[in-house]
Each structure stands twice: as structure tokens, then as C-alpha cells.
Amino acid sequence: MKAPKKTIFFVRTSVFSLIGIMAYVHLVRMDLNALRHSISRYAYGAEGSLLRIGMILIGTAQILLGYNLPRHYRAKRIARAGLVVAGIGILLAALFPVDLYSRWSTTSILHNLGGFVQFIFLPLALLAITQAIDDAMIKNKTHKVGRLTIFFTVVSGILFYISNAFGTSFFGLVQKIAVILMAYWINLVSRALAEDQNNQKHADDDPNED
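The opening residue of the sequence shown carries number 407 in the numbering used here; numbering runs sequentially from there.
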């Protein structure tokens, strides 16, 4: 089973759409502190719907990628399951914006649960896929981005709990770096899938192959 070209195109389009939307809302929402405020705070206001659309796009892309993952990668079950579960998580976070007035409201709990699922399962899935990449150059680059992503994801998680208890002045920045790195990691994985697909096509078309 091959990942359809349309799926790969949708994944990469969703990645760059999310990054572009994040950049736009941060430029427009000058009333918020980019270093301190989390991404969730930008989901409100006139531009908030754009950010939620970007999150829905990337969540849908993750689910589609997991569903259409080639057998070569699906051999690692965490890859497919992780992508789908993480996609559902970010969809949950997008559909239930955090309650700015109560961290224990139903919407806040669902939003934070979705974000937690995304931050845990997506790196696990992408790490499993990275291990199966054939192209050495892409695999090496993907590994480097993956390690950096996991570092910022862990630090972001620690700061999330610290900020809830004591407050921090740079949680927002670390979280945004982690999200952008995750998106870039997804892009590299989709590039590897496209490369594998092209190599397989050339092998199938090669008359010298047995």
C-alpha cells in the first residue's frame, strides 16, 4: 500500500498553512505577549478562527497520513496508531478552545487533554516512522529535527505545569517552537514517503529488475 500523492500533498499543504497562520496571528495580535502566552490564547478574537482552521487541517492531515501509511512504516504499529490518535487530539484542542476564565471547565479539560495527546503521541509516531526511512540523507536530517522536537516538547510540558503553579515568562515561546518543529518533522516524514514512493515506482518500471 502506498501513501497517495494527494495525501502527501494535503499533509505538506497543511503544515505550511499552519505555520503561515501562526505567523499571521502573532503579527496581528500585538496585545498578547508572544513569549508568555500559549498558542491557545490566540484562538480567540477575529483571527482565532483562522488558527483553529490551521489546527483542524494539521489534525486531519495526521489522521490521513496514519490511515494511508505504507506497510513498510505500518510495521511499527505505534506509527499508524500514534498519528491517528495525535490527529484526534489536535482536533479536540481545536474544537474546544481553552476557557480563559476557568482551567477546570469542560472545554478547558478537553482542550488540554487534546493538546496532551498531540504532544505525547505525535513524537512517538514520527520517531517510529523515522527509524524506517530508507534514504540516509533524509533519515539523518529527520533524526536531528526529531531529537530537537522531543527536547522542546519535553521542556514545554514541564513549563506548562510550572506555569500553572507559579507562572513563567517564556512558556509560550517554547511551546510555539515545539509546535513548529513538530510541523516541520511531519513535513520531512511526508517528503521521505514521497521519495520512497518515487524510488518504488522507478524500481517497478526498471526492466532489469527481476
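Hints are computed from structural coordinates only; laboratory data are not their basis.
Hints may contain errors.
To be verified - Beta-carbon label-pair distances, calculated as ranges:
| # | residue 1 | residue 2 | range |
| --- | --- | --- | --- |
| 1 | Pro410 | Ile515 | 34 to 40 Å |
| 2 | Asn439 | Tyr507 | 14 to 20 Å |
| 3 | Ile459 | Asn546 | 29 to 35 Å |
| 4 | Ser575 | Ser455 | 38 to 44 Å |
| 5 | Leu554 | Phe415 | 23 to 29 Å |
Claimed, not checked - List of simulated lysine to aspartate or glutamate pairs, EDC-like, C-alpha gap at most 16 Å:
| # | residue 1 | residue 2 |
| --- | --- | --- |
| 6 | Lys545 | Glu453 |
| 7 | Lys411 | Glu601 |
| 8 | Lys547 | Asp505 |
| 9 | Lys412 | Asp541 |
| 10 | Lys411 | Asp602 |
| 11 | Lys545 | Asp602 |
Each residue gets a CB set at the ideal place from its N, CA and C atoms; glycine is no exception.
Status of the hints after comparison with the structure:
1. The hint said 34 to 40 Å for the Cβ distance between Pro410 and Ile515, and at roughly 36 Å that hint holds.
2. Between Asn439 and Tyr507 the CB atoms are about 19 Å apart, so this pair conforms to the stated range of 14 to 20 Å.
3. Taking 29 to 35 Å as the suggested C-beta distance range, the pair Ile459 and Asn546 conforms, at roughly 34 Å.
4. Ser575 and Ser455 have their C-beta atoms about 28 Å apart, which leaves the hinted 38 to 44 Å range violated.
5. For Leu554 and Phe415, the Cβ-Cβ distance of about 26 Å falls inside the hinted range of 23 to 29 Å, so the restraint holds.
6. A threshold of 16 Å between alpha carbons decides the hint, and for Lys545 with Glu453 the separation of about 37 Å lies outside it, so the pair is violated.
7. At roughly 11 Å between alpha-carbon atoms, Lys411 and Glu601 fall within 16 Å of each other, so this suggested pair holds.
8. Of the supplied pair hints, the one linking Lys547 and Asp505 is violated, its CA atoms being roughly 38 Å apart against a limit of 16 Å.
9. Taken as a hint, the Lys412 and Asp541 pair is broken in the structure, with Cα atoms around 22 Å apart against an allowance of 16 Å.
10. Our distance criterion of 16 Å between C-alpha atoms is met by Lys411 and Asp602, whose separation comes to about 12 Å.
11. Of the pairs offered as hints, the one joining Lys545 and Asp602 holds, with about 12 Å between alpha carbons and a cut-off of 16 Å not exceeded.
In this structure, the earlier hints numbered 4, 6, 8, 9 are contradicted, and the remaining ones agree with it.
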